[in-house]
Every structure is written in structure tokens, then in C-alpha cells.
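Number of protein chains: 2
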Amino acid sequence: MSPAASTPAYRRLSVEERRAQLLDAALSLFAHRAPEDVSLDDVAEAAGVSRPLVYRYFPGGKQQLYEAALRSAAEELRHCFDEPHEGPLLPRLARALDRYLRFVDSHDAGFTALLQGGSVVETSRTTAIVDGVRRAAAEHILSHLDVTDPGPRLRMTVRVWITAVEAASLIWLDEDKQPPAEELRDWLVEQFVAVLNVTAARDPQTAALVRALASADG
Amino acid sequence: MSPAASTPAYRRLSVEERRAQLLDAALSLFAHRAPEDVSLDDVAEAAGVSRPLVYRYFPGGKQQLYEAALRSAAEELRHCFDEPHEGPLLPRLARALDRYLRFVDSHDAGFTALLQGGSVVETSRTTAIVDGVRRAAAEHILSHLDVTDPGPRLRMTVRVWITAVEAASLIWLDEDKQPPAEELRDWLVEQFVAVLNVTAARDPQTAALVRALASADG
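As given, the protein sequences belong to chains V and R, one line each in that order. Take the first sequence: its letter number 199 is residue 199 in my numbering, and every next letter is one higher. Take the second sequence: its letter number 130 is residue 130 in my numbering, and every next letter is one higher.
Read the hints as simulated data drawn from the structure, not as lab findings. Here the structure is a predicted model, which means the values were calculated and not measured. Heads up, a few of these hints could be off.
Unchecked claim - Taking CB as the label site, the calculated pair distances span:
1) A201/R <-> D82/V: 28 to 36 Å
2) R12/R <-> A34/V: 43 to 51 Å
3) P204/V <-> R134/R: 52 to 60 Å
4) A128/V <-> R134/R: 17 to 25 Å
5) E75/R <-> A46/V: 41 to 49 Å
6) R19/R <-> A128/V: 29 to 37 Å
7) L13/R <-> D108/V: 48 to 56 Å
Claimed, not checked - Incomplete in silico selection of chain R near chain V, CB under 10 Å:
8) E166
9) A168
10) W187
Idealized CB from N, CA, C, for every residue including glycine.
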């Protein structure tokens, strides 16, 4: 991690700091523009650095920049799920959702472009990054539920709810962030309980979980 | 609609019949292979026609073929939603879901590739076709519910449930079509009722709907 010694006109940042600065600039551009409309020049301008500097960090051009920004956003998103394994379960879920909705709020158009697909820069690689985040979310939820060996019905329930959260976030952005984030968060938590209850009627593992949830949180 | 007079070696089909035959062949290939792995030559072979004939119908190549096949599948999917406005509501929903799940079952990998994105042939145009089907599904549901002016909360509930149906279908294909389609269908119908109930707690329009549903179907 040597300082970027060849760019004396700028504050001396380490390679990692510079990279993070450029990705931040890129993410803020992606928040308001479709990925294919963001050029390396735009990133240079937004970050207040030279064009050659941006090219040095992302020699693969726009596609490399986009994937790096996406990886960085995915990393940030994973941090939303960090929640101590203590206290009642539903408030833990609500706190994670609060962080997630703040992420959605701040990334806005970039989040929409990414999840809605159809972007020229979407590839099987970017899809894999997004799927990785979904899988991480499911694993976090199951670990909070203290489930180590989820059956297919419980797994499907959790995965489908995660997709519902994504869909609700996209609609929320599309509807000018209405209803308020707190209402959306409560609605999502209640949906989680409701769909678990539906599954519980035909799956003993989920039924046991629902009973545990009700006795701990109710 | 003149017959394809220049292909005397084949049974004489009208232009529309020939086109439908080629799209059927394409759709059956898409059911087992990623769209980018299906060439016009493959379609010619599957349909038992000459390569030039396929190129005559799809001069735009693979991308044109894919979009035409997608439009044809979207049309078929819309027919799943055709359901008379009579009798109890939930059985209507169950019948539409049965047809939808049969569609998913028969299109298999093609359905997955399309909805999961990341395909090289996915464009904003193909995304628009898929979104059109989603919108049609939401309109059908609201019309069966006799709602002409859905508020944002009811609209979000219906749209999120439709996404949940899609997600569940993808997982179902991924899990070797387990649980059985009938169980999945019942689970989806019950989820619909459950999420409407959650929304009803904070939305008078949805609350009225839930009461009507309970008195008519319960």
C-alpha cells in the first residue's frame, strides 16, 4: 500500500484510500444515473482527480469500474446485516432493515439499475455479486433464528421474503420513498412473521420456530 | 399471409404458422439452454428446416429470435391470467397459479435465464417485456378484487406478492420442482391472504378487501 507518489498535485492517499475515494465518487454518480451513462471522465471530475489517474486504477474501463463499485456496494450492504445475536429477534430484524433501507435510500438509482437488470453492464459476474448478497442475507436470518439445517420449505420462505424486501425497496424508490421508511420497515417485519406462519401450517421445523418467536417476542 | 412458397420441401405453412413453428422450436431450446447458447442453426435443426429459412424469418439473428420468443412466451403467460370474473376469489387465484406453474414447469431453464438476468441477450427491451407481464398480472388481480383505484399500500402489496411468486418459481425449479406444484400453489394463495392481512392493519382500502374476501370465501 504505497502512496500514489506520481500524483503530487493531490493530497497523498494510499492506493487503497485513492481507490476507495474513486469508488465513492462512482457510487454517488450511479445513484443518479444509469451505469452505462457514467464514464471514467465523469468519475475523474466528481473525485477532482485527473483522467489518467482514474484509468490507472481501472484500466478495464467502465465495466471494471462498475464491477468494483458494485463489489464495494455489496460489501457495504453485507454490513447492514451485522447484528449482535442478542435480545428479541424481531427488533434485531427491524434494526437490520433500518440499515438496509438507509442504504437503499442513499444509493437510489444505482440500486434500482442494479436490481432491475437490463443494463448494458450487467453480466453473469455482476449477477453473481448480487446473488452473493442475497445468500448472505438468508444465512444471517437463519443464524439469528438458530437454524443450522433449514429444510426446503423454511429456506424457500426466507429466500422469497428477501426477494419481497428487494421488490418493496424498488417500488418504494419508484414511489418517491412513500410510505415513510419506518412504516415500510414495520410492514416488512410483519410480512416476515406472516409468511413464516403460512409455512408453519405445513412444516414442523417452521412451526417450532414460530412458537419460539411468539414466546420470546410476544 | 402468403404460404412460404419458396420452401417446397417442407409442408406448406403460412408465414404465421412457420413463424410460430420456429418460435416453438426456439422456446423448447431455451427451456434447456441459456439464451446465448442457442444459435439460429440449432433452431433450424430442432424445427427440421433449412438454416436460410430461419435467417429469412429472423434476419436480426440470435437477438431478434430471442426477443420474438420472449414476446411469444409473454403472450402465453398473459393467457394464464385469463380467468372468468365469477365464483369465489381464492379459487380463481389458485386456477391462475396452476396455469402459471404449468408454464414455469414447461419453460424451465428459459424461464430462469430470463428472470435471473445476467444473460448477454438481456436488454432494456427484454426487461420491458417482462415488466409488461408483471403489470398485466397486477391489473388482473386488482380487477378480480374489484378495485379500480388502488392506493399505494394495496398496489405495493400486490406487486410485491407477484415478485414473491416469481422468486418462489425460480427456487422451485432450482430445487427440482419440490415441493409439488399443488403445495406451492396453495402456499402462494395463503401468502397472498397473509400479506393482504398485514397491509390491512394500516390501510382501510385493504382492510375492506380482506373483510370482503373473508365473507365471500370463508
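Hint by hint, here is what the structure shows:
1. At roughly 30 Å, the beta carbons of A201/R and D82/V sit within the given window of 28 to 36 Å.
2. Checked against the hint of 43 to 51 Å, the pair R12/R and A34/V passes, with Cβ atoms roughly 47 Å apart.
3. Between P204/V and R134/R the Cβ separation comes to about 34 Å, which falls outside the hinted range of 52 to 60 Å.
4. Here the CB-CB span from A128/V to R134/R is close to 24 Å, well matched to the stated 17 to 25 Å.
5. Separated by about 44 Å at the C-beta atoms, E75/R and A46/V satisfy the suggested range of 41 to 49 Å.
6. At roughly 36 Å, the beta carbons of R19/R and A128/V sit within the given window of 29 to 37 Å.
7. A beta carbon spacing of about 50 Å between L13/R and D108/V agrees with the range 48 to 56 Å that was offered as a hint.
8. Against a cut-off of 10 Å between C-beta atoms, the interface hint on E166/R holds, since the closest Cβ of chain V lies about 8 Å away.
9. The closest approach between the C-beta of A168/R and any C-beta of chain V is roughly 5 Å, which is under the 10 Å cut-off, so the hint is satisfied.
10. Taking 10 Å as the C-beta cut-off, the interface hint given for W187/R holds, the closest approach to chain V being about 6 Å.
Hint violations for this structure: number 3 only, all remaining hints satisfied.
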